[in-house]
Amino acid sequence: MLLKTNEGFTLIELLFTLLLLSLFLSLPIFYFQSQDKTIQKQTIEQFKHDLVYAQHVAMTEGKVATVRFEDNTLILFVDQKEKRRVVYPTNVEIEPVTIKLEDVSFLANGHPRKSGSWDVRTEHFHVRFTVQIGKGHIVYRQQ
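Okay, so the sequence shown: first residue is 16 according to our numbering, each after it adds one.
There's no promise every hint is true.
Each pair of labels, with its calculated beta carbon distance range [claimed, not checked]:
{"#": "1", "residue 1": "L122", "residue 2": "I90", "range": "25 to 33 Å"}
{"#": "2", "residue 1": "I54", "residue 2": "E22", "range": "45 to 53 Å"}
{"#": "3", "residue 1": "R99", "residue 2": "T32", "range": "29 to 37 Å"}
{"#": "4", "residue 1": "K115", "residue 2": "G149", "range": "14 to 22 Å"}
{"#": "5", "residue 1": "R143", "residue 2": "D86", "range": "15 to 23 Å"}
{"#": "6", "residue 1": "P111", "residue 2": "H71", "range": "48 to 56 Å"}
{"#": "7", "residue 1": "L38", "residue 2": "Q95", "range": "21 to 29 Å"}
{"#": "8", "residue 1": "F31", "residue 2": "K115", "range": "55 to 63 Å"}
{"#": "9", "residue 1": "F45", "residue 2": "A123", "range": "29 to 37 Å"}
{"#": "10", "residue 1": "L42", "residue 2": "Q147", "range": "27 to 35 Å"}
{"#": "11", "residue 1": "L38", "residue 2": "T88", "range": "34 to 42 Å"}
Here are the simulated EDC-like pairs of lysine to aspartate or glutamate, each with C-alpha atoms no more than 20 Å apart in a straight line [unchecked claim]:
{"#": "12", "residue 1": "K63", "residue 2": "E85"}
{"#": "13", "residue 1": "K56", "residue 2": "D118"}
{"#": "14", "residue 1": "K98", "residue 2": "D134"}
{"#": "15", "residue 1": "K98", "residue 2": "E85"}
{"#": "16", "residue 1": "K115", "residue 2": "E85"}
{"#": "17", "residue 1": "K96", "residue 2": "D65"}
{"#": "18", "residue 1": "K98", "residue 2": "D51"}
{"#": "19", "residue 1": "K63", "residue 2": "E110"}
{"#": "20", "residue 1": "K78", "residue 2": "D51"}
{"#": "21", "residue 1": "K129", "residue 2": "E110"}
{"#": "22", "residue 1": "K56", "residue 2": "E76"}
{"#": "23", "residue 1": "K56", "residue 2": "D94"}
{"#": "24", "residue 1": "K52", "residue 2": "E76"}
{"#": "25", "residue 1": "K98", "residue 2": "E110"}
{"#": "26", "residue 1": "K78", "residue 2": "E60"}
{"#": "27", "residue 1": "K56", "residue 2": "E97"}
{"#": "28", "residue 1": "K115", "residue 2": "E76"}
{"#": "29", "residue 1": "K63", "residue 2": "E108"}
{"#": "30", "residue 1": "K98", "residue 2": "D86"}
{"#": "31", "residue 1": "K78", "residue 2": "D118"}
{"#": "32", "residue 1": "K78", "residue 2": "D94"}
{"#": "33", "residue 1": "K52", "residue 2": "E138"}
{"#": "34", "residue 1": "K96", "residue 2": "E110"}
{"#": "35", "residue 1": "K63", "residue 2": "D51"}
{"#": "36", "residue 1": "K96", "residue 2": "E76"}
{"#": "37", "residue 1": "K78", "residue 2": "E97"}
{"#": "38", "residue 1": "K78", "residue 2": "D65"}
Simulated from the structure, these hints should not be mistaken for lab results.
Just so you know, even glycine gets a beta-carbon here, dropped at the ideal spot from N, CA and C.
Work the whole structure out from these sequences, hints included.
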């Protein structure tokens, strides 16, 4: 008795294999997109924490703390000397609304010198930061 051997694959088997291969190759694309959004959200959170840090430095050292922003880098000056430099991992655009970021400074008691708002944009997020006079709260909300 002769046995017939299959030397190839059926069309269904080939299509199923191609489908699985394409699914596995597309998974990293979805992962990197969600990771990019997470990094941008963390950057905005870090920006707020850096502003609060500037306020706390002004109170603890009893000196004026000023914030500058250039090329995705926040620079904190205390008494016109550089205290801290933070480079953000994603592209951040800042547009003044009622105050320029260069005008953001905190007095020795922690109160802001001026109050106002500015917009911060990344590829996926647009938020408005506000420094409130009096209590010196720093808040932001999604636009």
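Hint by hint, here is what the structure shows:
1. L122 x I90: 25 to 33 Å: violated, 19 Å
2. I54 x E22: 45 to 53 Å: holds, 51 Å
3. R99 x T32: 29 to 37 Å: violated, 55 Å
4. K115 x G149: 14 to 22 Å: Roughly 20 Å apart at Cβ, these two residues keep to the hinted range, so it holds.
5. R143 x D86: 15 to 23 Å: holds, 22 Å
6. P111 x H71: 48 to 56 Å: violated, 24 Å
7. L38 x Q95: 21 to 29 Å: violated, 57 Å
8. F31 x K115: 55 to 63 Å: The hint (55 to 63 Å, Cβ to Cβ) holds, given that F31 and K115 are roughly 60 Å apart.
9. F45 x A123: 29 to 37 Å: violated, 49 Å
10. L42 x Q147: 27 to 35 Å: violated, 45 Å
11. L38 x T88: 34 to 42 Å: Distance hint for L38, T88 holds at roughly 40 Å.
12. K63 x E85: Holds, at about 16 Å.
13. K56 x D118: violated, 24 Å
14. K98 x D134: violated, 25 Å
15. K98 x E85: holds, 15 Å
16. K115 x E85: Distance of about 12 Å is within 20 Å: holds.
17. K96 x D65: Roughly 17 Å separates the two Cα atoms, so the pair holds.
18. K98 x D51: This hinted pair is violated, its Cα atoms lying about 29 Å apart.
19. K63 x E110: holds, 16 Å
20. K78 x D51: violated, 37 Å
21. K129 x E110: holds, 17 Å
22. K56 x E76: violated, 30 Å
23. K56 x D94: violated, 31 Å
24. K52 x E76: Violated, because 36 Å separates the two Cα atoms, which is more than 20 Å.
25. K98 x E110: violated, 24 Å
26. K78 x E60: violated, 25 Å
27. K56 x E97: Not OK: K56 and E97 at ~26 Å, beyond 20 Å, violated.
28. K115 x E76: violated, 24 Å
29. K63 x E108: holds, 15 Å
30. K98 x D86: This hinted pair holds, its Cα atoms lying about 18 Å apart.
31. K78 x D118: The given pair, whose Cα atoms are some 16 Å apart, holds under the 20 Å limit.
32. K78 x D94: Judged against 20 Å, a Cα distance of about 6 Å means the pair holds.
33. K52 x E138: holds, 8 Å
34. K96 x E110: violated, 25 Å
35. K63 x D51: With a Cα-Cα distance of about 19 Å, the restraint between K63 and D51 holds, given a limit of 20 Å.
36. K96 x E76: holds, 13 Å
37. K78 x E97: holds, 13 Å
38. K78 x D65: holds, 17 Å
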